[in-house]
Amino acid sequence: MNFDITALVPELFFFCVVLALMIQSLGNKEWKPPVERWLPFGACAAFFVTITGFHLHGSMFWDVYKVDLMSQFFKIAITFGFYVTVLNASRQPTLDEGKRADYYMLLGFSTLGLMLLASSVELITIYLALELASYSMYAVIPLRAKSKGAAEAGVKYIMFGAVATALALYGLSYIMASQHTTYIAELMNKSWSFADQPMAVVGLSLFLAGMFFKLALFPFHFWCPDVYQGASNETAAFVATMPKMGAIVVLCRLAVLLKPGLEITTILAVLGALSMTFGNLSALAQTDIKRLLGFSSVAHAGYIMVGLVSGTPEGLGAAAFYGLAYLVMNLLVFWVVCRISTDGRNLQLSDLNGLYKKAPVLAFSLAAGAFALVGLPPTMGFMGKFFLITSAWDHGYNWLVITLVVNSAIAIYYYLGLFRHAFTEETAPGKVAAPDNGWFASAGAGMLAAAVLLIGMVPAPLFNFAINAGKTLYGITVHLGGGGH
Amino acid sequence: MLDFGYPVLTILIAFPLIAACGLFFLRAPQVVRYYTMAVSLIECLLAVPLLGFKLNAEFQFVEQIDWVHQWGLQYYLGIDGISILMVLLTIAVLPLCVMCSWTYIGKREKEFHFCLLFMTSAVLGVFCALDLVLFYVFWEAMLIPMYLLIAVWGGDDRRYASLKFFLYTLAGSTLLLAAIVAFRVTGGTFSIPELMDMNFSFRFQFWAFLAMALAFAIKVPMFPFHTWLPAAHVQAPSAGSVILAAVLLKMGTYGFLRFCLPLTPAASEYFAPMMIAISIVSILYGGAIALGQTDIKKLVAYSSVGHMGFVTLGIFLFNQRGVEGALFQMLNHGIVTGALFMMIGAVYERSHSRDIKDNMGLGKYLPAFMFFWGMMALASFGFPGTNGFVGEILVFVGAFQKSTIIGMFCVPGALLAAAYMFRVSLKMAWGKPSKAAKWRDLNAREWIYLSIPAVFVFWIGLAPAPFFNIIDPSVDKLLNDFDKRKVASVESEQPMQTAAQDVLDVLAGKK
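Chain order of the listed sequences is A and B. Residue numbering for the first sequence follows my numbering, starting at 1 and increasing by one per position. Residue numbering for the second sequence follows my numbering, starting at 486 and increasing by one per position.
The shape of chain B in the complex, shown without the other chains (with noise of 0.2 Å):
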């Protein structure tokens, strides 16, 4: 079924990536900028179709072709409420990604500017991706131009940071590629809403799911496996740190909803204490080793760990509430978090410094890069009337709706993001000055840049009735579905047998 007669998703996601080849043809550094500054645009341009998305829980857009018939394996496109923000976000994200690293980037261009474009496409397609072979090729295929943003044009640490952030993530996805085979061989079927209707035995459920969320959990990516994000982000250029951020991470969480709640939702019951716990670790943890930064890239990284934290905390509460401000919160996240890395960014492009004391004093000399600033701060712990609040409030109603005890231990992180929103805010704002007051305050690409987060920041924050209207109709799908399929995968299964015996069974392929 094709809602406009032509292939929306597959033009969304073939058009950057058939784009970039064009860059090779391309010489001056500056053609080159303007030329990806096109693409993006008409990117935007070509997502308007999507505005056509109708108001209910259905795959939408889909495009179904066979590929591999033998295997089962179809190309298999089509959104629905949960993916479409991260579909918008990731098009959205990638002009200000080309704004921010117009000056930012000094060398090899052309293939800076390839990757950029590469990446976008993968994203989108691990968005768009209803077959669990193709998502798991989109999956794979960002992670070589995201580690050769890092690799190539990070700063001075990028080859331990871009290797050590390529083998995490590849070691995780590994395990997927063994849950999307078992899946395929249990299920007998790649389609992942044909596979959401099934139901799996308990045992199954309950291995799928370590091995998938392993892979999520690291990419999100949660406590313990977040070591590899600080590295990479405080290395990446400031478009490689938007992207990560923004987009990047958002992938883990997208497959917590994708995957493991419809496919294995006994499992995600059965582990939802531990991801919970784990989830509250990460705002705690990311919370506390933020506030003890003196770099501010880094300071930034670590409350990511905290901010996803929260997505993953309220992914894993199973209500309407908890569900919704996740999904908030993984677009305000990239908003804001992808605002306050482009501004970093800029900063660093005056001070050639991330460090808070060489950065001081910036209210006086460029109040308008102070102005955004605290806006992005400000929504960054969730002020009222901000995105951040929106998406933390429903996080925290989900919470103490399902136990006052899980809602009292994330106020904590709450409280510790303010606290180191407001040290560097305050540090940057009315520090003393070393060298800024030689800088020039933000110019008109900077002031382009981040005035479109920021009137997201302000939608989203004052006005998200629209947001709602679109994710509503498949969060209230997704955990009825829930609710009734982790019954009947419980009652149709005895009880687990020990694990070690499990772990045996499993391997000697008798299950």
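Same shape as in the complex, but just chain A (with noise of 0.2 Å):
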């Protein structure tokens, strides 16, 4: 066992945070300062601290515990998640005033658990991270004061997360038995054919419907516009970007195992067609936004598939970099969400009419985030789009790059929509409660726009840091700094 303190200190320091949320909980109500005022600070503390860290490296705890280049990339995104759902829900105007402490502290809690499932390289210590980051989860959804829909959407959230990782476990048991071994590591070497190992074969997809579950893959995905809807607009944020970091970072390490052919690679791809397909069809008859955001999240989930089943770096870098584009774009709308409803209701479409000329920052930001949920150009969703399909071509599975691209013109219509409310309707007078559209808004929003089309226009750095991190995957030596060129 080699142990090296230092490669864990993103992780330590994020704990010492959530212990300091853990503390403050516990304590009086009364007690001074309140959360709001000294989170934001050390959330963003932690994501600096964990992109210092990038460069970490190292294998801890009898190898279950890994430190590598493609969880370090996780590991900034989740925290840079953290840390604008810890602003976004600076102002949530539907909890209650003493619960604010518990609240991040189990956002905390999840986002610690997703953290370590980064680094997990053995399939039950993903097991152990996983169920830490989704047990927080389940007391956070119902926590929407006074609402019937919150603790339905908690129920349904809590339902269907035992019955997947149930699926998992049981799945992890099949792995065990025929395998002999629960390290990726090991697994990489064995033969994942059905013919040579059937046990195996279906203990790996009982094992990943766990995930999928997280990812809200069809047919794993019917919580999600429920729990959406149900759950307020800045714990949908967190719920709608974060656990998918998780499930997506596990689903790049296990999919080494996976080549193109393989019965199983062919499953994913069957359920990543019938994902975007299903989402997008979904997503156009919503009318509510955050149901809209929830099928169409359904449809990303799909999208990710395509890297997944390239069996190429190149497929997991892209992967993982629109894992990336998906976080910063929904968070991006989200924010947005937030703003306009200051009330915390449910938005629907018709809300965000003559948005424009109420708060023109939030409009903008709103297009932005819209269109680069299409894949326009020049938006991070287009790169990561068109990485997706690029290291996915000619690798067995063009009939699902076909797929991702003619699904991508059927989404356009359900996300122009918003960009049509916000844009080209005037609103009715006196209708709803105004926009936020104080300095902290529109700086979020602007911010968040920005990044997405900065990245957009110049991925190259994130790009390259994701592609190393595929690559260290398969076990290709990566030189840091060199960055390809």
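Just so you know, these hints were derived from the structure itself, not from any lab. Possibly wrong hints are sitting among the right ones.
Computed Cβ-Cβ distance ranges for the label pairs, DEER-style [stated by the list, open to error]:
| # | chain 1 | residue 1 | chain 2 | residue 2 | range |
| --- | --- | --- | --- | --- | --- |
| 1 | B | D641 | A | L281 | 29 to 35 Å |
| 2 | B | G640 | A | A285 | 27 to 33 Å |
| 3 | A | P461 | B | D968 | 43 to 49 Å |
| 4 | B | R512 | A | F41 | 35 to 41 Å |
| 5 | A | A177 | B | D990 | 36 to 42 Å |
| 6 | B | D641 | A | V458 | 40 to 46 Å |
Beta carbons are placed, not taken as given, at the ideal position from N, Cα and C, and that holds for glycine.
Take the two lone chains and join them into the complex the hints point to.
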């Protein structure tokens, strides 16, 4: 066992932040300073600590925990997501005053679980980290004051989650029984064709199902629109983005086992295609913005499959990059949604009418987010999609790439709806609460929008990072700083 | 290689966009107009270095910078004889658009002019890009401002029209993206000049051509993908229609010239009969439908379908005259139809109606207007001495060179064009005036923005030699390469399997 504590600095720092939250949540609620005063700084510091640790590497705890480029890429994404979520939730109108510290503590524990998930390279560790990430979510979702919908969403999430983790655990036992190891590095050298190892393939499929639940991939997505709709806007922003990061990093690690042409790879591809098509078609009919985003996230889960089934480091890099793009785009859209819904109500499409006049910065940012989600250049979403299809073309699943392309065309309609309502419709006077047009709202939206556009125009540095991360998963040595130039 | 020591093309592309951001600091609508006018004139000045264009077939003013190294993406710009005229046309159209919307646009002026400038940047990027992905980025970026131009400042039915425009063009271009990726995977690069030197298998070309041609055909628009165009044209504000007619439609035909012919020569040859047939249908159909219109703007919109049919016909004739004619028609259609739309805007500002019957009797009360209208109408159907004649006659010559039958089929198209243009012009000039007596004739601003196209109508019509000098070397090279490579690709290939089997193979990634 080689234990190098410096490689764990980001996690330890984040753990300290969560610990502080825990102490505060245990203490008297009168205790000053209020959590919103210091937490954004703590979260921001955690984000920067994680960035400075991007080059860390090491393997510890009997090799079940591996700090490598892939894990650091996702940890940066996850801490960034947490930072934005904390800022976003700091003005949450539907949360009881006394529950604030608990709320952030639960989000923090979930995030910590996701960070651990990013580094787990052994199935049981993955399972444990996944549970840590999930349990807090079960408690957070119903935390919306006096809302039946929130309770329903919470129950749905718990029930589906319990079934999914049960399936994953069951699958895990099959893998252990047939392949006699739970280390991904060793599983890589085993056969994963159904003819040789039927039990292992079934086991892996079930284990993946647990991840698909988190990712909201068809047919494990049924919780998604209801939970988005039921949870408060701020919580939905977290649920919509962060657990998916965890699922994507695990899927990236497991995708190393998949070779194009294997039965299980084909299953993944088929699920991806169904997910895109089903998600997009369902989203077409939605008028509640959160439900719309829920179904669209089902489609996005399908897009990510395209990179995973390609069987190349580039594919994994592209999937990781798209994961990050998904995170930023969604946080942006949810940021705008939360700022418009100042009284915490669920927004309908028509609530966006005339936004360009009431809050131009928010409207512009929403446009950037919506077009990024469609995959229009020059945004991060376009680059992500472009890398996905380039990495996957000619690796046996061209039909999947074509499905993605056709689906992008379908998706235009409903994303354009967001844009259309915000820019071309006029408001009916005096109907709804005015959007938050303050500097905080505008600055947050503007910065996220700038990130979406800038990374879309200059994706090379991040993409080099992602692709090198993909290479390390395949055991290809990467020289940091070279960046391929 | 930078010919002038500074990046002309980048500046041309970036300047309107950067200047557009300045609009957000302005308040008064009038100031916004003057500012945009100044920007568009500066843009024209910035284009002066392009006059140093050398009369050869090379890509010039080239700029090449790594963009995403891992994926081979480059920021790669350059222009040749095919694109320079389109670039100049785009730049020249901008001040005219600003002028013709001076009093036409009465709300959200800032955003309107922002969209105009943004669009100019994007369209210039399309004509300058030599990297497939860069091309695609600009190609898509232009959709958003155009959508807004129609959806915000358009007529009563603007929502339907703008949505149709957006969905049609974007749906088409998603397949273009698939083709771009396929080129990269097969050819190993996104660089257009490098891809032009490669020979792809016929089966690859077959599918790549279909994917690209769909995107371009929708943009042109060719029959039966044209239905978004009349809706968009009729609903769009004048400046929107002008840009749409003058430059956006050209992006489609430019795509055929830049991508289909050089990259997929064998498939272009294979599909040429179909493309020619569709072009002829577009010519005849566009003309016939235009003949029956009562709305002037719709009439001109349908005439665009016909005119663009001549362009695609010229391209797929694959002979010197045909392609030259196509390029001339691209330029001419931009000038003439742009001017016609500006005039429709001008008369609409007076009558608030686009119906022919509400805009009659202008010959007596608005003689200057009618003078320009008559000139543009003559140019539109190719009257000798005007620019339309030069383009059309070249396409005709090319068509008859290719085959007498093709030539015979397009003659009625020219007659139809004359018929509908005469019909509408006669009514507008000498029909019984309904309200025209109260209207004022052209003002100074309108004189200016109509005189500029008028100069070009006669310049190209009477002395087209300078334009020939610019485009000829590039057309020569295009056709020479085409002739060489279509043979090479076909000879290196086995005959095509059945199409169904092919679809399955491509989708399964076995090629």
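Hints, verified against the model:
| no. | hint | verdict |
| --- | --- | --- |
| 1 | D641(B) <-> L281(A): 29 to 35 Å | holds, 31 Å |
| 2 | G640(B) <-> A285(A): 27 to 33 Å | holds, 29 Å |
| 3 | P461(A) <-> D968(B): 43 to 49 Å | holds, 45 Å |
| 4 | R512(B) <-> F41(A): 35 to 41 Å | holds, 38 Å |
| 5 | A177(A) <-> D990(B): 36 to 42 Å | holds, 39 Å |
| 6 | D641(B) <-> V458(A): 40 to 46 Å | holds, 42 Å |
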